[in-house]
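Start from the sequences and build out the full structure, keeping to the hints where you can.
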Amino acid sequence: GQQVMQIPQYQHVQEGEDFTTYCNSSTTLSNIQWYKQRPGGHPVFLIQLVKSGEVKKQKRLTFQFGEAKKNSSLHITATQTTDVGTYFCAGGSYGGATNKLIFGTGTLLAVQP
Amino acid sequence: KAGVTQTPRYLIKTRGQQVTLSCSPISGHRSVSWYQQTPGQGLQFLFEYFSETQRNKGNFPGRFSGRQFSNSRSEMNVSTLELGDSALYLCASSSATGDSLSSYNEQFFGPGTRLTVL
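Taken in sequence, the protein lines are chains A and B. The letter at position 61 of the first sequence is residue 61 when you use this note's numbering, and the numbering goes up by one with no holes. The letter at position 26 of the second sequence is residue 1026 when you use this note's numbering, and the numbering goes up by one with no holes.
If you are wondering where the hints come from, they were derived from the structure by calculation, not from laboratory data. In this text the structure is predicted, and so the values were computed from the model without any measurement. Incorrect hints may appear among the rest.
Claimed, not checked - SDA-like cross-link-like pairs, simulated, lysine to any residue; straight-line CA separation at most 20 Å:
hint, chain 1, residue 1, chain 2, residue 2
1, A, 36, A, 11
2, A, 57, A, 18
3, A, 56, B, 1106
4, B, 1057, A, 105
5, A, 51, A, 75
6, B, 1013, B, 1063
7, A, 36, A, 67
8, B, 1057, A, 2
9, A, 36, A, 112
10, A, 36, B, 1111
11, A, 51, B, 1106
12, B, 1057, A, 3
13, A, 59, A, 2
14, A, 36, B, 1061
15, A, 57, A, 112
16, B, 1057, A, 27
17, A, 36, B, 1108
18, A, 56, B, 1104
19, A, 36, A, 110
Below you can see the structure in the form of structure tokens.
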């Protein structure tokens, strides 16, 4: 079945350092969403990318969707302690009249002040 | 608007028992999806309901079932519980319509039900 993998599984950075998580799908995606889950919380939507090669920015966060629509990345510039949490990508799978989101394995970000 | 609510928040059951979890979506949302979250497997999609019909399903055994009511509230049932069913069960609602592809809609997650099977 379709799989969405994320690397790294865990990243520990010093506050102020940059951070990147990569998302790779075994199949072409219709779209990709990114979510953040704080420790003890639930996933919260960050952004959606739909077009091949699309790049979107939200303050210090930059999201990219690959040209082949099989991979994506999230880059955080100058991390802050508020960035702590697990970042999930979620890819839309093609097939039929409706499709579903397949969540990646997640990257846990720890930020040391 | 009130967010997605889930009850109960915590549940302890023993092997072989069954359990029913409840989810109330954001007002106006007709799509409700269920996910199982475990440390080892991450977020696994269980199923999606739209207008009382299951329209997407993940790869879980038949012990996992669900339903949706006319007010869009949804329940998930797990029968013959196993130790491996211990997890955080998350419900998410979205503003998906009958014509839209499910994956294009932002998922609004509830706080989850933490199920422990002993």
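Against the structure, the hints:
Our distance criterion of 20 Å between C-alpha atoms is met by residue 36(A) and residue 11(A), whose separation comes to about 15 Å. Taking the CA atoms of residue 57(A) and residue 18(A), the gap is near 15 Å; set against the 20 Å cutoff, the hint holds. Note on residue 56(A) and residue 1106(B): the hinted pairing holds, with a Cα-Cα distance of about 16 Å set against a maximum of 20 Å. Taking the CA atoms of residue 1057(B) and residue 105(A), the gap is about 19 Å. The hint holds against a cut of 20 Å.
Simply put, residue 51(A) and residue 75(A) have alpha-carbon atoms about 18 Å apart, close enough for the 20 Å limit, and the pair holds. Proposed proximity of residue 1013(B) and residue 1063(B) is supported: the alpha carbons are some 15 Å apart, at most 20 Å. Of the supplied pair hints, the one linking residue 36(A) and residue 67(A) is violated, its CA atoms being roughly 24 Å apart against a limit of 20 Å. Between residue 1057(B) and residue 2(A) the CA atoms are separated by roughly 13 Å; this keeps the pair inside 20 Å, and the hint holds.
For a cut-off of 20 Å, the pair hint linking residue 36(A) to residue 112(A) stands: about 18 Å separates their Cα positions. For the hint pairing residue 36(A) with residue 1111(B), the CA-to-CA distance comes to about 14 Å; that is within 20 Å, so the pair holds. Between residue 51(A) and residue 1106(B) the CA atoms are separated by roughly 16 Å; this keeps the pair inside 20 Å, and the hint holds. Under the criterion of a C-alpha separation no larger than 20 Å, the hint pairing residue 1057(B) with residue 3(A) is consistent with the structure, at around 15 Å.
Using a Cα cut-off of 20 Å, the hinted pair residue 59(A) and residue 2(A) is violated, with the two alpha carbons roughly 32 Å apart. Between the alpha carbons of residue 36(A) and residue 1061(B) the distance comes to roughly 28 Å, so the proposed pair goes past 20 Å and is violated. Taking the CA atoms of residue 57(A) and residue 112(A), the gap is about 24 Å. The hint is violated against a cut of 20 Å. Of the pairs offered as hints, the one joining residue 1057(B) and residue 27(A) holds, with about 18 Å between alpha carbons and a cut-off of 20 Å not exceeded.
For the proposed pair residue 36(A) and residue 1108(B), the alpha carbon gap of about 12 Å is at most 20 Å, so the pair holds. For the given pair, residue 56(A) sits about 16 Å from residue 1104(B) by alpha-carbon distance, which is consistent with the 20 Å threshold. Among the hinted pairs, residue 36(A) with residue 110(A) is consistent with the structure: their alpha-carbon atoms are about 13 Å apart, no more than 20 Å.
Hint violations for this structure: numbers 7, 13, 14, 15, all remaining hints satisfied.
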